[in-house]
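The residues making up each chain are set out below.
Protein chains: 2
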Amino acid sequence: MTSPLNVAIIGMGTVGGGVAQILTEHSERCARRSGRSIHIAKAVVRDLSKPRGIDLPDGVLTDDVQSVIDDPNIDVAIQLMGGTDPARQVMLSLLEAGKDVVTANKALLCDHGPELFEKARELGRCIAFEAAVAGGIPIIEAVSQSMSGNQITSIQAILNGTCNYILTEMLKRSASYGDILSEAQELGYAEADPAMDVEGTDAAQKLVILCQLAFGKRVSLSDFPTQGIDSLELADLKYAAELGYRIKLLAVAQLVGDSLELHVEPKLVHSDEPIAKTDGPLNIVALNGDAVGPTWYAGAGAGKMPTASAVVADLMDVVIGRAQLTFPLMSVWGDTGPQVRPPEEITRRYYLRFNVDDRPHVLADITDILGRNEISIASVIQHEAPEATGGETRSVPLVIMTHTTTEGRIRMADSELSQLDSIKAPRIRLPVLD
Amino acid sequence: MTSPLNVAIIGMGTVGGGVAQILTEHSERCARRSGRSIHIAKAVVRDLSKPRGIDLPDGVLTDDVQSVIDDPNIDVAIQLMGGTDPARQVMLSLLEAGKDVVTANKALLCDHGPELFEKARELGRCIAFEAAVAGGIPIIEAVSQSMSGNQITSIQAILNGTCNYILTEMLKRSASYGDILSEAQELGYAEADPAMDVEGTDAAQKLVILCQLAFGKRVSLSDFPTQGIDSLELADLKYAAELGYRIKLLAVAQLVGDSLELHVEPKLVHSDEPIAKTDGPLNIVALNGDAVGPTWYAGAGAGKMPTASAVVADLMDVVIGRAQLTFPLMSVWGDTGPQVRPPEEITRRYYLRFNVDDRPHVLADITDILGRNEISIASVIQHEAPEATGGETRSVPLVIMTHTTTEGRIRMADSELSQLDSIKAPRIRLPVLD
Chain C
51 MTSPLNVAII GMGTVGGGVA QILTEHSERC ARRSGRSIHI AKAVVRDLSK
101 PRGIDLPDGV LTDDVQSVID DPNIDVAIQL MGGTDPARQV MLSLLEAGKD
151 VVTANKALLC DHGPELFEKA RELGRCIAFE AAVAGGIPII EAVSQSMSGN
201 QITSIQAILN GTCNYILTEM LKRSASYGDI LSEAQELGYA EADPAMDVEG
251 TDAAQKLVIL CQLAFGKRVS LSDFPTQGID SLELADLKYA AELGYRIKLL
301 AVAQLVGDSL ELHVEPKLVH SDEPIAKTDG PLNIVALNGD AVGPTWYAGA
351 GAGKMPTASA VVADLMDVVI GRAQLTFPLM SVWGDTGPQV RPPEEITRRY
401 YLRFNVDDRP HVLADITDIL GRNEISIASV IQHEAPEATG GETRSVPLVI
451 MTHTTTEGRI RMADSELSQL DSIKAPRIRL PVLD
Chain B
51 MTSPLNVAII GMGTVGGGVA QILTEHSERC ARRSGRSIHI AKAVVRDLSK
101 PRGIDLPDGV LTDDVQSVID DPNIDVAIQL MGGTDPARQV MLSLLEAGKD
151 VVTANKALLC DHGPELFEKA RELGRCIAFE AAVAGGIPII EAVSQSMSGN
201 QITSIQAILN GTCNYILTEM LKRSASYGDI LSEAQELGYA EADPAMDVEG
251 TDAAQKLVIL CQLAFGKRVS LSDFPTQGID SLELADLKYA AELGYRIKLL
301 AVAQLVGDSL ELHVEPKLVH SDEPIAKTDG PLNIVALNGD AVGPTWYAGA
351 GAGKMPTASA VVADLMDVVI GRAQLTFPLM SVWGDTGPQV RPPEEITRRY
401 YLRFNVDDRP HVLADITDIL GRNEISIASV IQHEAPEATG GETRSVPLVI
451 MTHTTTEGRI RMADSELSQL DSIKAPRIRL PVLD
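Protein chains in written order, with my numbering: chain C, 51 to 484; chain B, 51 to 484.
In short, the hints are calculated from the structure, not lab data. One thing to keep in mind: the hints can contain errors.
Since the list gives no way to pick one copy over another, a pair counts as held whenever it fits inside one copy or between any two copies.
DSSO-like, lysine-lysine: derived pairs with alpha carbons at most 30 Å apart [what the hints assert, rightly or not]:
no. : residue 1 : residue 2
1   : 327       : 354
2   : 222       : 327
3   : 474       : 222
Please build the complete structure, drawing on both the sequences and the hints.
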């Protein structure tokens, strides 16, 4: 066996602690599988006084990231600091100092991927990032290696475990979005500021990375619509279930003819589909290839040890030398891919829910607007309301499932519907995954 | 770009045709992703006069495998001939001639893996075999790369699509095993001689390969029990459904303490589990790792293009040079792994079905035998039978779900139960996946 490989872990939060745990508690296993023993030379933290659950030799823990950059004996940097600044500059410096980099930072790759990847290629270094998308699910490996004989035709994925947990619990316990979110925050499943998760940004960042690997298409967050789960109501989850569907926050990238359809949004998924059956904090990626057909990958998309598992797999790939062979051939961040389809041209079925006045001609007004916009109705649910006791006009929920139409037509219709006095806010519109 | 890589396809059956199709129809894509253009130099067939669906240049098609072995310009052999003889000798000769080998032949690796792998290592060559297990699902990659930071703790898998199709259709259409098998044979989903599939041998061969990769444990088919689906009756599928389970043919390898539990058998799987929801010809592998937790991989486990997709991914790995790095480190065919647990020590719950005489004291006799063998009963189903019209004693089905017990105790009890006049054959005993 050759000399030990020296690694630095930059960022000893939850995932960093998990990585250190695997490398120290299972050092023999890691050495056997990579052909080389792996030595944690430095672990960079922000606060040296904070107690850590892991016992590292004296001198390993440091708050000076420059000491890693300047140490010529460190071969690989595991960069687990969050955010983009100073993470971007740190990664550039690490690459320039001749180190290969393993990272779990999706925001950094989403925003600065092109620059970082180009720099790494220029310097003959590699960046490995399995842990940046879907945690413990080896989806980067699947897209860039296992599917190499295929043109990937679609990616449909649950990429945010927090949202999936909230949606699952809302339906299971007949609870409101707000109640489950508060509970998830108390349990540590959701951040104190949950915006990145519940507004869909986290899933969209991961979709940007997958989209570029699978379709060679460089996109940024502003190139496609992203909608979160924060405006969903329990009522919609229940009506969807009544219709035979589950509502999931889906990240979708798929080829339709010559163009690429891209979006992150809550969608109705038929309850027989593996995606619909993926509950709680799990992630799932449904990957279609022109040769292999549909495949599914599921597991924990976040969390200490699942993410650490992905980081260590990447590290092993770097130690073995595989990552260095893979990286130059990954057609990431190129821009030869298909054109992104304008959202208004996307075609699918829709679930619509309105609160309407319980009085004559309301349904006629709505169906007239849909009809004039060439939107055909597949089914309607309006449950009988209790008889009014006084003379007031009450609101009752009306649910309509449409046949296939375009997002453009639905938007036109919605704009007209917003003019009807008989419809009260909110007007809910959710697409169906076909 | 360097000079083209010359490959030979040995065996131009269904999968070979699919591989040739990807390499010829998508040659630009393959070249871009592997960094080198790939040229089919030879395609070996048994019968040169048989029409092929694929157009290969003159001189490529041959019935002489020796011409591949002897051609120093051929770098990689894609060996897709079935069976073990002459496949074993052909692979040895290819390796000796300095060629790397990609294969889908599970029977060959199951029976002669140790010899072939040792020879390849000795000669500095590699054997890639993603297509040998679970077709289009990249499970070899997952086990040997993505899980490299983990100790795999269990593999529970549907590895035979034919059996899964038959079980799915039986329950869906309330049809007998024989009827669905005949139909599957007519449709080409099952072989004219279905024994390898329906008796569980095909799944067991794949389990041998997975077990050695995941646990470093060399086993042969005779080291663990294998039972197929050929003795299952529709009644059992229906009772299982009534109890909230599906019956699936499962290949299982899992660590229990220091020992390895291994078997292929039909099992009751709770209907909420992803495995239970995997229907039709699909395969699924549930892989547990000590760091990543539970993960699932699903897709087509067989068929022309899904298997060809796996073969081409392997070929790309060889072209890129990754397979040559991975192969020496795969701890396959070693024998340092855990001891295989004697089947009689395996503990689980059981589903039991008897045809019993509809007369007094029968249930008492059965429960007495179970009780004396320390087998505790969790639930009983005995549906009311129509009143007998004559004086004859009729048989009625009795279904018992036990609490956790050992295979040894169940066998003892079964032996005693076989002595009871009041129980008619068959006595069905199926374990439950916990």
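Verification of the supplied hints:
1. 327 to 354: both (24 Å within a copy, 29 Å between copies)
2. 222 to 327: both (13 Å within a copy, 19 Å between copies)
3. 474 to 222: Close inside one copy (28 Å), not across copies (44 Å); limit 30 Å.
Against the hints set out earlier in the document, no violation occurs for any number.
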